[in-house]
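Q: The whole structure should be built from the sequences, with the hints applied where relevant.
2 protein chains.
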Amino acid sequence: MASFSSYIFLIILFIISVGASKIKSIYLPGTYQSSLLVKKHDEKTKIPFKTHYFPQILDHFTFLPRSSKVFYQKYLINDQYWHKEGGGPIFVYTGNEGNIDWFAVNTGFMIDIAPKFNALLVFIEHRFYGDSMPFGNNSYKSAKTLGYLNSQQALANYAVLIRSLKQNLSSDSSPVVVFGGSYGGMLAAWFRLKYPHIAIGAVASSAPILQFDKITPWSSFYDAVSQDFKDASLNCYKVIKGSWAELDALSTHDDGLIEVSKLFRTCKALHSVYSARDWLWEAFVYTAMVNYPTEANFMMPLPAYPVEEMCKIIDGLPKGASKLSKAFAAASLYYNYTQTEKCFNLEGGTDSHGLHGWDWQACTEMVMPMTCSNESMFPLSSFSYKEFTQDCKKQFGVKPRPHWITTEFGGYRIEQVLKRFGSNMIFSNGMQDPWSRGGVLKNISSSIVALITQKGAHHVDFRSETKNDPDWLIMQRKQEVAIIEKWLQEYYKDLKQN
Amino acid sequence: MASFSSYIFLIILFIISVGASKIKSIYLPGTYQSSLLVKKHDEKTKIPFKTHYFPQILDHFTFLPRSSKVFYQKYLINDQYWHKEGGGPIFVYTGNEGNIDWFAVNTGFMIDIAPKFNALLVFIEHRFYGDSMPFGNNSYKSAKTLGYLNSQQALANYAVLIRSLKQNLSSDSSPVVVFGGSYGGMLAAWFRLKYPHIAIGAVASSAPILQFDKITPWSSFYDAVSQDFKDASLNCYKVIKGSWAELDALSTHDDGLIEVSKLFRTCKALHSVYSARDWLWEAFVYTAMVNYPTEANFMMPLPAYPVEEMCKIIDGLPKGASKLSKAFAAASLYYNYTQTEKCFNLEGGTDSHGLHGWDWQACTEMVMPMTCSNESMFPLSSFSYKEFTQDCKKQFGVKPRPHWITTEFGGYRIEQVLKRFGSNMIFSNGMQDPWSRGGVLKNISSSIVALITQKGAHHVDFRSETKNDPDWLIMQRKQEVAIIEKWLQEYYKDLKQN
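Keeping their order, the protein sequence lines are chains W and R.
Add 12 to the 1-based position in the first sequence for my numbering, that's all there is to it.
Add 12 to the 1-based position in the second sequence for my numbering, that's all there is to it.
If you are wondering where the hints come from, they were derived from the structure by calculation, not from laboratory data.
This list has only true hints and no planted wrong ones.
As a list, the in silico PhoX-like pairs of lysine-lysine whose alpha-carbon atoms are at most 25 Å apart:
{"no.": "1", "chain 1": "W", "residue 1": "Lys498", "chain 2": "W", "residue 2": "Lys96"}
{"no.": "2", "chain 1": "R", "residue 1": "Lys454", "chain 2": "W", "residue 2": "Lys505"}
{"no.": "3", "chain 1": "W", "residue 1": "Lys178", "chain 2": "R", "residue 2": "Lys226"}
{"no.": "4", "chain 1": "W", "residue 1": "Lys454", "chain 2": "R", "residue 2": "Lys508"}
{"no.": "5", "chain 1": "W", "residue 1": "Lys411", "chain 2": "R", "residue 2": "Lys156"}
{"no.": "6", "chain 1": "W", "residue 1": "Lys398", "chain 2": "R", "residue 2": "Lys178"}
{"no.": "7", "chain 1": "W", "residue 1": "Lys405", "chain 2": "R", "residue 2": "Lys81"}
{"no.": "8", "chain 1": "W", "residue 1": "Lys508", "chain 2": "R", "residue 2": "Lys226"}
{"no.": "9", "chain 1": "W", "residue 1": "Lys454", "chain 2": "R", "residue 2": "Lys505"}
A: Structure, rendered in structure tokens:
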């Protein structure tokens with residue numbers, strides 16, 4: 013279960029990355045992941061939850077005739093640990109861009125701590141993902157339906173659903189704590205900020221709420237990926253950095269495609285050299301994101317600290333070998349750790365709603381500009397709002413609002429703002445995860461805190477505990493539990509006083 | 013100017029009252045006020061502001077094709093006191109349901125204190141009021157256009173406009189403080205809660221943010237009006253309370269209409285006895301709301317503490333006179349303090365967009381249930397969500413969302429929530445004002461404070477200072493200035509540190 017846990021969160025933020033990258037023409041692959049999403053979606057996974065559907069309103073922020081249309085939003089409940097009579101807390105996962113079952117299965121942390129807190133667990137699916145389709149099969153048809161997919165409507169859904177649920181359960185005095193990882197973590201943090209009367213606190217794991225506008229340097233994401241490799245081995249970093257030029261050179265050869273197909277041991281002859289570039293790119297980015305301290309089986313099985321392992325492969329190859337062949341060998345660890353693949357499929361795969369949904373979000377409000385600097389191990393690349401806008405208009409007929417997220421949720425000078433406003437938020441980040449660079453990395457106040465682990469990766473704290481967890485991870489989770497306990501104690505004390 | 017100031021805020025909250033009352037069949041008159049609104053709207057008033065128009069987005073919370081339509085939102089600027097180079101503050105009035113010129117003219121407090129703070133003054137008009145019509149003359153045509161009129165879209169407008177304005181003025185470090193009275197005060201308070209990254213504090217005068225759902229007892233508004241009269245004279249209260257039955261009795265007489273027309277010295281014969289009831293009702297409610305400590309000319313000229321004066325009239329009439337004739341004499345003070353009216357027009361008047369707009373808001377999100385209890389001096393009346401919904405469906409084809417405001421902005425257990433979240437808010441209320449009962453009347457934390465005056469009425473603190481202002485009013489304004497100063501000092505200190 014633990015390995016699947018890492019897999020899913022990987023996927024989720026991958027979607028963010030792909031969504032942004034596709035538009036800004038940094039070569040990150042999308043199609044391959046999306047087909048995996050579909051595959052996983054079909055898998056039947058047993059989860060200790062009951063499925064419910066809530067009649068949700070389509071548009072919370074207008075009163076147009078269509079706004080009151082009802083759709084059914086999926087949510088999951090586990091009440092086996094809940095002490096309702098004692099006003100036991102309600103832990104709500106604010107679902108991100110995917111089927112909510114995945115998040116329920118893969119947020120083992122919440123299940124692990126529920127007994128200690130006598131908590132009710134609720135996982136709410138994000139509109140336009142999984143089964144929560146406002147227009148059924150037509151939900152992704154055009155901007156006329158997709159227009160209702162955005163984070164504010166999602167947050168309002170959560171607010172309405174939680175309020176109704178508490179009313180139906182007659183548990184008005186039960187405090188709510190929201191949890192989320194990745195985009196779900198952004199939603200959890202924003203939910204606490206916008207709906208403090210509904211949630212007494214938020215645990216936001218690997219939530220890059222500062223990856224917008226000009227708050228975080230645009231090159232930081234890929235610089236961070238590169239830093240992971242540089243930290244493992246300077247030679248390794250240099251080899252990967254040099255491999256792209258070799259690939260480019262091959263692309264101008266007459267027999268370039270054949271050579272690359274051969275070198276990359278493809279099952280079928282390649283149609284484009286770019287497929288090889290994407291394939292490598294994906295391997296390095298993902299391995300950095302999930303540079304977990306234990307062996308894990310996420311998208312692909314990987315050893316503990318897989319970045320180090322990749323670099324060991326590169327450093328171990330003969331000096332005379334080409335950089336590209338070394339990069340291929342390293343990437344093969346990602347695609348073939350189990351040594352079962354005879355050849356690789358670098359092209360193919362189908363699109364899925366999950367991915368398409370994030371593409372839409374990336375083209376409307378979730379505009380996260382990213383570039384590759386000269387310091388990174390990736391080919392230099394820039395970002396242009398103008399080109400991005402043109403791409404989005406072409407793809408969806410929609411114009412991005414790149415400054416809207418920071419207008420609606422803030423982000424600039426966040427320390428100064430939240431030092432004097434708000435409370436009860438945990439921002440946890442693992443510094444191996446390139447998304448950490450867009451996260452909150454410093455304590456803001458006594459109750460808005462950043463929990464950083466140098467060796468942690470993408471929301472590793474939200475995974476189920478395993479017997480191999482290192483001390484720093486055990487400690488991080490303990491800290492989170494202690495902080496949540498404090499929030500609850502304070503809440504119950506205040507409640508008594510009133 | 014001072015008297016006009018009181019007049020306009022009176023009007024504004026009157027609209028709230030009328031909006032709600034029309035729907036819930038408490039007999040508060042509407043048509044008469046709306047014609048006055050139109051009259052004042054035509055008046056050319058000189059104000060020390062320059063008018064601007066901002067290209068505003070229609071729908072901030074969807075990405076439907078129509079959402080990005082641009083309309084022109086009016087705002088006013090006074091920069092004569094602003095020390096821009098020193099990072100002087102920006103004081104923004106969050107416009108309520110009317111032409112923004114009125115608010116600019118009638119919020120003399122902001123003009124009075126601007127020099128002391130070297131502040132820029134900005135007054136922003138609320139969408140669908142004044143000149144800020146998203147669909148021009150068709151804006152009020154149907155739910156398809158009016159659907160975009162609500163408080164969240166208005167707040168988002170303010171956020172987008174302020175951010176753009178600061179950028180254009182290159183005044184990124186200038187702190188913003190929002191001000192508002194009545195519904196505008198509700199918006200100011202909510203703006204601070206939802207956009208703390210844009211406004212460092214809010215001064216919300218007479219803002220009944222708790223007049224929703226079941227937070228405040230539904231009878232409290234009319235009980236408070238009645239208390240004002242009871243405090244002035246128990247007999248006075250009893251006379252008014254008894255007058256309605258006498259009017260009802262007349263309505264069953266064959267010659268009832270003629271008798272009432274005669275008694276009320278109407279210019280034309282009445283078509284309905286209810287017109288007399290509305291006429292009395294309006295006089296008593298309004299006089300309570302603007303029970304100001306100084307002579308003032310608002311809707312009608314009135315003496316200082318007009319409730320006391322009304323009761324003196326009632327108590328001074330012979331014992332044998334009917335209660336209805338006494339109530340009429342008291343109400344005449346309101347309509348004819350200058351003794352210039354030979355007869356009264358109890359019926360007639362036209363609707364205006366201003367009023368219509370609030371009716372829409374009252375039928376969608378601003379659902380403020382009100383009843384008249386047996387303790388009040390008004391006829392017993394109840395409120396039914398079912399009937400209210402039917403009326404709104406009939407009038408606008410829209411279904412109210414009566415629990416939405418408390419879901420979106422909170423309100424229940426506000427002390428407990430905001431004690432641990434948020435900062436820098438002033439809630440000022442005068443206890444003579446019946447709207448105070450739906451306001452925040454207790455300090456919540458060291459920086460979320462309630463400034464209460466026992467003798468104050470509807471946002472009297474926001475009126476221009478006059479030489480006759482009583483000490484408690486001078487003191488209240490001084491307190492507000494001192495608190496704002498503290499917010500600013502803290503902000504500049506934090507800014508330096510970062």
